[in-house]
Amino acid sequence: MSECSPVRPLWPPVVAGVVLGLVLILTFVLVGNGVGASGTFARIAAWFGMQVAPTAIETNGYLGGMVANHANPLANWIVVEVVGVAIGALLAAVGAGRFKIKIDVGAGKISPRTRLVLALLGGVLAGFGSRLAAGCTSGVGLSGTAMLGIGGFIFLVVFFVVGLSMSALMRRVW
Amino acid sequence: MDYGIAGTALASGILFGYVLEQAGFGSPCKLTAQFRLTDWSVFKVMFTAILVAAFGILLLQTKNYFGAQGFFVPTTFLWATVTGAALIGAGFAVGGYCPGTSVVGFVSGRIDGLVFMLGMVIGIFGFAGVFDTSLIHGIMTSARISEKTLPALLGVSPWVVFVGMIVLAGIGFWLARMLEGRSHGVYTAEDIVTGEDPADEAVEGGSPVRGPLGAGAIPTSAH
Chain A
1 MSECSPVRPL WPPVVAGVVL GLVLILTFVL VGNGVGASGT FARIAAWFGM QVAPTAIETN
61 GYLGGMVANH ANPLANWIVV EVVGVAIGAL LAAVGAGRFK IKIDVGAGKI SPRTRLVLAL
121 LGGVLAGFGS RLAAGCTSGV GLSGTAMLGI GGFIFLVVFF VVGLSMSALM RRVW
Chain B
1001 MDYGIAGTAL ASGILFGYVL EQAGFGSPCK LTAQFRLTDW SVFKVMFTAI LVAAFGILLL
1061 QTKNYFGAQG FFVPTTFLWA TVTGAALIGA GFAVGGYCPG TSVVGFVSGR IDGLVFMLGM
1121 VIGIFGFAGV FDTSLIHGIM TSARISEKTL PALLGVSPWV VFVGMIVLAG IGFWLARMLE
1181 GRSHGVYTAE DIVTGEDPAD EAVEGGSPVR GPLGAGAIPT SAH
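Sequence lines, in order, name chains A and B.
So for the first sequence, my numbering puts the first residue at 1; every next one is plus one.
So for the second sequence, my numbering puts the first residue at 1001; every next one is plus one.
Please note that a few of the clues may not be correct.
[Unchecked claim] Now the in silico label distances, taken between C-beta atoms and shown as ranges: (1) A/86 x B/1131: 26 to 32 Å; (2) A/48 x B/1072: 26 to 32 Å; (3) B/1154 x A/69: 29 to 35 Å; (4) A/86 x B/1168: 28 to 34 Å; (5) B/1166 x A/164: 19 to 25 Å; (6) A/53 x B/1160: 48 to 54 Å; (7) A/114 x B/1126: 19 to 25 Å; (8) A/53 x B/1067: 40 to 46 Å; (9) B/1131 x A/161: 48 to 54 Å; (10) B/1175 x A/114: 27 to 33 Å; (11) A/69 x B/1003: 20 to 26 Å; (12) B/1181 x A/114: 30 to 36 Å; (13) B/1163 x A/53: 51 to 57 Å; (14) A/109 x B/1175: 25 to 31 Å.
[Unchecked claim] Here's a subset of chain A near chain B, in silico, CB distances under 7 Å, partners left out: (15) 77; (16) 99; (17) 133.
[What the hints assert, rightly or not] Only pairs whose alpha carbons sit at most 20 Å apart, straight line, appear in this in silico DMTMM-like list of lysine to aspartate or glutamate: (18) A/109 x B/1200; (19) A/102 x B/1190; (20) A/102 x B/1147; (21) A/109 x B/1196.
Simulated from the structure, these hints should not be mistaken for laboratory data.
Owing to the predicted nature of the structure, the values given are computational and were not obtained by experimental measurement.
For every residue, glycine included, the Cβ atom is placed at its ideal position computed from N, Cα and C.
Next up, chain A with everything else stripped away, as it sits in the complex:
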């Protein structure tokens, strides 16, 4: 594509899928596990909590383990990996002319404020859910299923069924 068209096309899904699969194999070979994402946000929560209410975090049944023995909750494989995700995605977006600061309201059926409220609400649901499932679409759905793990298959089926049903209720939004 020439210089006059700044937005480069996306990779075809099958190409992106093959490359992603190879990245996943590489990660399994290098570190013995797949990629993930949501664990990072649990560690960010633990770190932030320590700045505000350390006693409450240290004694918490869930977050306490991440800060036991004065451990830094952010000094962890998955946190660094997600920093990498941010760097890689930024490089791709800028390089392809797809970086644009905005509140993404899609075709504009909703106001930016409504969009942010929905994004926050969706994040709360996903954050809570990711701790129940001990991972998210990346860790359980993608990496777990690649290992033929039972959790991965269950995750993907439920994720798609609930997503489809909820999406039908969100028709006015997206």
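Assemble chain B onto chain A, guided by the hints.
Just chain B now, with coordinates in the frame of chain A:
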């Protein structure tokens, strides 16, 4: 945490994020279009990646690459996985992202991606707050599945499961071709930047130019 571990983490992450963005997965419109069945990129990318990775991992296992113990496959607690996946699916439909793609959305300039990340931290504090209740404890520890992998549970060779997944993928790709062809709803790079909904355009303008994979969606330069 030593530099070697940090290095692999950073390298894996950079590659993962790079591919996700190139697939268009920073866009909540494109992501949620999967659930409207107008753009099947999420299914195609995920299923292709899973098949490629599963094939590679199975090959490495037959060559005993991971040693006798293999590698760590987490134990599944049925209700924890079901309720967690349901909440993540609902959060995806409502908020437009899943945890990893919200990071991609944010660094491609989307403020809603950052707000989704903030929401996740709040949701995790909520979870930590109720973690010690008997309800959460019950969900997290009941209905443990005795086997860790599907082939072990079914008592078949992993290659049988792999072939089954190829068949499923084939059905999915066929459905995708049909439904994407009908809606012309596959988001292009321009669509995700400008916010146009290609399915709307197709209805209004009647432009049937886009093919099932997005016409012209061939990378023209390798970075």
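Tested hints:
Taking the beta carbon of each, residue 86 of chain A and residue 1131 of chain B are about 28 Å apart, inside 26 to 32 Å as hinted. Taking 26 to 32 Å as the suggested C-beta distance range, the pair residue 48 of chain A and residue 1072 of chain B conforms, at roughly 28 Å. Against the hinted window of 29 to 35 Å, the Cβ-Cβ separation of residue 1154 of chain B and residue 69 of chain A comes to about 42 Å, which falls outside the hint. The hinted range of 28 to 34 Å is satisfied by residue 86 of chain A and residue 1168 of chain B, whose Cβ atoms lie roughly 32 Å apart.
Between residue 1166 of chain B and residue 164 of chain A the Cβ separation comes to about 23 Å, which falls inside the hinted range of 19 to 25 Å. A beta carbon spacing of about 52 Å between residue 53 of chain A and residue 1160 of chain B agrees with the range 48 to 54 Å that was offered as a hint. Judged by the Cβ atoms, the range 19 to 25 Å given for residue 114 of chain A and residue 1126 of chain B holds: they are separated by roughly 22 Å. About 43 Å separates the C-beta atoms of residue 53 of chain A and residue 1067 of chain B, a value consistent with the hinted range of 40 to 46 Å.
Taken as a hint, the range 48 to 54 Å is violated for the pair residue 1131 of chain B and residue 161 of chain A, whose Cβ atoms sit roughly 26 Å apart. Take residue 1175 of chain B and residue 114 of chain A: their Cβ atoms lie about 32 Å apart, and the range 27 to 33 Å holds. With their beta carbons about 22 Å apart, residue 69 of chain A and residue 1003 of chain B fall inside the hinted range of 20 to 26 Å. A hinted range of 30 to 36 Å holds for the C-beta pair residue 1181 of chain B and residue 114 of chain A, which are about 32 Å apart.
At roughly 53 Å, the beta carbons of residue 1163 of chain B and residue 53 of chain A sit within the given window of 51 to 57 Å. Checked against the hint of 25 to 31 Å, the pair residue 109 of chain A and residue 1175 of chain B passes, with Cβ atoms roughly 26 Å apart. Interface hint status for residue 77 of chain A: upheld, as the beta-carbon distance to the closest one in chain B is roughly 5 Å, under 7 Å. A distance limit of 7 Å between C-beta atoms decides the matter here; for residue 99 of chain A the minimum to chain B is near 5 Å, and the interface restraint holds.
Hint status for residue 133 of chain A: holds, given a least beta-carbon distance of 3 Å to chain B, under 7 Å. Distance check on the hinted pair: residue 109 of chain A and residue 1200 of chain B sit about 12 Å apart at the alpha-carbon level, within 20 Å; holds. About 15 Å separates the Cα atoms of residue 102 of chain A and residue 1190 of chain B, which keeps this hinted pair within 20 Å; it holds. The suggested pairing of residue 102 of chain A with residue 1147 of chain B is violated, with an alpha-carbon distance near 46 Å, which exceeds 20 Å.
A C-alpha spacing of about 11 Å is found between residue 109 of chain A and residue 1196 of chain B, which places the hinted pair at or below 20 Å, so the restraint holds.
Checked against the numbered hints given earlier, this structure breaks hints 3, 9 and 20; the rest are met.
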